[in-house]
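Engineer: Here's the letter readout for the chains.
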Amino acid sequence: MLRRAMGLLARPIAASGARSFSTDLPAAQTADAMFVEAWNKVIPNMDPPKTPLSFMQPRPATPSSIPSKLTVNFVLPYASELATREVDMVIVPATTGQMGVLPGHVATIAELKPGVLSVHEGNETTKYFVSSGFVFIHANSFADIIAVEAAPLNQIDANLVQKGLSEFTQKLSSATTDLEKAEAQIGIDVHSALNSALTG
Amino acid sequence: MASNAAVPFWRAAGMTYITYSNICANLVRNCLKEPYKTEALTREKVHFSISKWTDGKPEKPTLRSDSPEE
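Residue numbers (our numbering), protein chains in the order written: chain A, 260 to 459; chain B, 11 to 80.
Simulated from the structure, these hints should not be mistaken for lab results. Small disclaimer: the values here were computed from a predicted structure and weren't measured. A couple of the hints might just be wrong.
[What the hints assert, rightly or not] The following label-pair restraints were derived from C-beta to C-beta distances: (1) B:Pro45 to A:Gln357: 26 to 34 Å; (2) A:Ser425 to B:Ile28: 44 to 52 Å; (3) B:Lys43 to A:Leu431: 25 to 33 Å; (4) A:Thr354 to B:Arg53: 50 to 58 Å; (5) B:Arg21 to A:Gly381: 34 to 42 Å; (6) B:Ile60 to A:Gln429: 35 to 43 Å; (7) A:Pro326 to B:Lys67: 30 to 38 Å; (8) A:Thr321 to B:Lys67: 48 to 56 Å.
[Claimed, not checked] Computed footprint of chain A on chain B; a stretch qualifies when at least three of its residues, placed anywhere within it, have a C-beta under 8 Å from a C-beta of chain A: (9) 19-31; (10) 42-53.
Every residue gets a Cβ at the ideal spot worked out from N, C-alpha and C, and that includes glycine.
Can you build the whole structure from these sequences, using the hints too?
Structural biologist: Take a look at the structure:
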């Protein structure tokens with residue numbers, strides 16, 4: 260019985276050929292044509308109901324030449340800071356270091372560490388401190404930055420940062436279990452990142 | 011497949027990414043200047059309204075706020 264199942268599974272995969280990367284797929288259609296057809300056959304008088312597919316905007320296609328601006332979506336759980344803003348460059352605090360993203364950047368997924376996100380547009384730079392999150396850069400020069408908490412640098416209190424840093428440094432030396440040590444280390448990392456963001 | 015190379019220190023200590031991310035977010039929120047800090051703390055409170063249903067009818071809902079258990 261299992262051997263037949265293996266045969267059944269293997270056939271469709273072999274028949275459809277190599278699967279393409281998600282970055283190469285054409286933009287998805289906005290309405291399900293088969294469903295609309297079937298609906299109209301049965302109920303020609305009413306409009307077919309909208310499916311989730313029709314509410315989604317199709318992903319903008321990858322242009323053949325590098326666009327001049329990067330489109331950034333910077334979202335937080337409670338607000339979207341930047342929604343499809345066209346900028347020249349963003350520098351994101353990835354775990355592998357500060358990463359500069361220009362239009363035409365290769366498609367990348369990067370995890371963020373606590374640090375400064377700077378958005379460069381013309382001559383202006385806006386800086387935010389990001390607690391952690393991810394950045395998804397798509398091949399069509401769209402960048403989605405998602406963070407749990409972010410604040411402009413002028414909303415951060417330097418005294419509280421210093422206090423926190425000394426408090427966690429002390430906690431690290433008095434920590435016993437692995438978990439306590441990890442928490443204290445996280446505290447130190449976040450506060451020193453905040454510190455260098457304010458002073459740097 | 012080979013096992014993953016250097017795991018982050020918090021993963022090695024048994025913490026999940028979500029816990030790590032929430033701790034970072036809380037630490038940043040606690041370092042904000044005054045009017046923003048109180049806004050941020052109220053924004054992050056979570057309230058649940060739970061109503062039990064019996065015999066197909068809802069009973070009076072109860073309100074629970076986020077319990078500080080990690």
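Engineer: All hints, please: hold or fail.
Structural biologist: Against the structure, the hints:
no. : hint                            : verdict
1   : B:Pro45 to A:Gln357: 26 to 34 Å : 30 Å, holds
2   : A:Ser425 to B:Ile28: 44 to 52 Å : 28 Å, violated
3   : B:Lys43 to A:Leu431: 25 to 33 Å : 26 Å, holds
4   : A:Thr354 to B:Arg53: 50 to 58 Å : 27 Å, violated
5   : B:Arg21 to A:Gly381: 34 to 42 Å : 41 Å, holds
6   : B:Ile60 to A:Gln429: 35 to 43 Å : 40 Å, holds
7   : A:Pro326 to B:Lys67: 30 to 38 Å : 57 Å, violated
8   : A:Thr321 to B:Lys67: 48 to 56 Å : 54 Å, holds
9   : 19-31                           : holds (count 8)
10  : 42-53                           : holds (count 7)
In summary, the structure is inconsistent with hints 2, 4 and 7 from the numbered list given earlier, while agreeing with the others.
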